[in-house]
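Number of protein chains: 2
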Amino acid sequence: MTKVVLIGSGNVAQHLIKAFEEAKLQGTDVELVQVFSRNPANVTPIISWNLVTSDLNNLKEAHLYIICVSDDAIEAVSAELPFKNRLVVHTSGALPINSLHENNRKGVFYPLQSFTKNKPIVFKQIPICIESENPTDFYLLQKVGKALSDKVIAINTEQRKALHVAAVFANNFTNHLYGIASKICQENQVPFDILAPLIQETAEKIQTLSPNEAQTGPAKRNDQKTIKTHLDFLKEAHQKEIYQLLTQSIQENGKKL
Amino acid sequence: MTKVVLIGSGNVAQHLIKAFEEAKLQGTDVELVQVFSRNPANVTPIISWNLVTSDLNNLKEAHLYIICVSDDAIEAVSAELPFKNRLVVHTSGALPINSLHENNRKGVFYPLQSFTKNKPIVFKQIPICIESENPTDFYLLQKVGKALSDKVIAINTEQRKALHVAAVFANNFTNHLYGIASKICQENQVPFDILAPLIQETAEKIQTLSPNEAQTGPAKRNDQKTIKTHLDFLKEAHQKEIYQLLTQSIQENGKKL
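Protein chains in written order, with numbering that gives the first Met the number 0: chain A, 0 to 256; chain B, 0 to 256.
Just to be clear, a hint being listed does not mean it is correct.
Copies of one chain are not kept apart here, so a pair can be met inside one copy or by any two copies together.
Straight line, CA to CA, 25 angstroms or less: simulated DSS-like cross-link-like pairs of lysine-lysine [as the list claims (entries may be wrong)]: (1) 116 x 145; (2) 182 x 59; (3) 254 x 239; (4) 219 x 2; (5) 17 x 145; (6) 145 x 123; (7) 219 x 234; (8) 224 x 254; (9) 118 x 59; (10) 219 x 182; (11) 182 x 224; (12) 150 x 116; (13) 239 x 219; (14) 150 x 182; (15) 254 x 182; (16) 219 x 116; (17) 118 x 219.
Keep in mind the hints are simulated off the structure, nothing from the lab.
Being a predicted model, the structure only gives us computed values, none of them experimental.
Here chain A stands alone, though its shape is the one from the complex (with noise of 0.2 angstroms):
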């Protein structure tokens, strides 16, 4: 039986839990033996009792402790683990493998999502992406995501920065084009909804084609009488400049293929 102590009790850390005990009751091999937390009222609505603490000197002998708290206090709660030569990983993108502190046996263990509270999501579909010192620590993170993810990948500590960055773009600034579009639906009495069908056959169409292969609209078809109609009809500064910049970065691109 492998034994995993998860650190931490926010968002990411909830949805950890559920999907580990997901894995206990698929029959895995793979056990979470206690959750830290310093306020174990965030968990103790998903977990028993009596495997919270809030104290790091309680902590179980585990075979790896995930340490999954915001990005900047990841240094300080690996520091303050009584105990050596342990493996220990964290779960964040943003973060190098050396951010942990030399005591422990380092790696990462970054299952690659955006996770919303009380939003459930299938966890078995997300990339799990690990790292470690060793092949020895490299196996066991394989095995434990494995339990949690049919999508387990090597992703080093550069690689991982790269997908972090690809991410925001992905993920947060496609988001906020989603608020530009929602704000410029609301200001002229069309419901937003209407835009949800495209909005998904958008994030489909790239499973078949390549965002190259998939790019359309007046931008790629160099329309400059929509594209300056588009823009007089814009009246935020913000929303014109965005406008102008993305357009010209698809044409750019277009005359690079």
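Got chain A; can you put chain B on it based on the hints?
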């Protein structure tokens, strides 16, 4: 029986033809009686050859003529029609109702979706935005729309303009951000497809949350350290500019809330 003639044979026209064929199989009271195409070979794989004409003078009498050609050809095609005072609509999100010629009663029948050649789509879920000059024509467009889709909605020319701009943000620009993410992955030996579940979840979230509620990431939480790391990481000027502008826009937007 409501008779419809479709003028055009491009990508959108082909999806519409399939949707009319589907509606016929469902036993609806709407029938596509003819398709006009300058290149009949475009459509004979999906509709019987004896329903296709390449001569505008051979157009059958019908309750509704749907002009489904590229935006810059709509005006000319509508002027060429050899009859008067019938109901003629276009399918463009970008053009006003008045881009159609005065000879006939005008209307718009705009299916709001990004159609890909040969990629099947559930037409029933596509919002159809309709506009007409008078209530009788509106009723007819509504009937035809409902034969094809579960979502038929009245959208006037001004609203449609807003919707079209919003769709550029939600579809064209979003897809371009996927393209940038894909390029960053490629350049760093990371398979782009591990971002697919994140992209899918981002699109799904706005079905239950507003884009403002769904916004996460370094810009939203004003994580200057990560923002700097990302900007240092990005090499291409365009990518850097887009990163900066969208980060700034997310932060401005946050201040307004």
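Subject >> Same-copy or cross-copy closeness of residue 145 to residue 123 [CA-CA at most 25 angstroms] >> reply: For residue 145 and residue 123, only the intra-copy Cα distance (9 angstroms) is at most 25 angstroms; the inter-copy one is 38 angstroms.
**OP:** Indicate which option fits the pair residue 254, residue 182 if close means a Cα-Cα distance not exceeding 25 angstroms: within, between, both or neither.
**Re:** between (32 angstroms within a copy, 15 angstroms between copies)
Original post:
Given a CA cutoff of 25 angstroms, do residue 182 and residue 224 count as a within-copy pair, a between-copy pair, both, or neither?
Top reply: within (23 angstroms within a copy, 29 angstroms between copies)
Original post:
How would you label the pair residue 182, residue 59 (within, between, both, or neither) given a Cα cut-off of 25 angstroms?
Top reply: Classified as neither; 50 angstroms inside a copy, 44 angstroms across copies.
**OP:** First find the shortest C-alpha distance between residue 118 and residue 59 inside one copy, then the shortest across copies, and answer within, between, both or neither for a cut-off of 25 angstroms.
**Re:** neither (30 angstroms within a copy, 53 angstroms between copies)
**OP:** With 25 angstroms as the alpha-carbon cut-off, assign the pair residue 150 and residue 182 to within, between, both or neither.
**Re:** Result: close only across copies, 21 angstroms inter versus 36 angstroms intra.
**OP:** Could you place residue 116 and residue 145 in one of the four classes (within, between, both, neither) given a Cα distance threshold of 25 angstroms?
**Re:** Within one copy only: 23 angstroms inside, 37 angstroms across.
Subject >> Identical-chain pair category, residue 219 with residue 2, by Cα at 25 angstroms >> reply: The answer is neither: 53 angstroms in one copy and 36 angstroms across copies each exceed 25 angstroms.
Subject >> Identical-chain pair category, residue 150 with residue 116, by Cα at 25 angstroms >> reply: within (22 angstroms within a copy, 31 angstroms between copies)
**OP:** Could you place residue 219 and residue 234 in one of the four classes (within, between, both, neither) given a Cα distance threshold of 25 angstroms?
**Re:** Intra 23 angstroms, inter 23 angstroms, cutoff 25 angstroms: intra and inter.
Original post:
Between the shortest in-copy and the shortest cross-copy C-alpha distance, which are at most 25 angstroms for residue 254 and residue 239: within, between, both, or neither?
Top reply: both (23 angstroms within a copy, 19 angstroms between copies)
Original post:
Is it within a copy, between copies, both, or neither that the alpha carbon of residue 219 lies no farther than 25 angstroms from that of residue 182?
Top reply: both (24 angstroms within a copy, 17 angstroms between copies)
The earlier numbered hints that this structure contradicts are 2, 4, 9.
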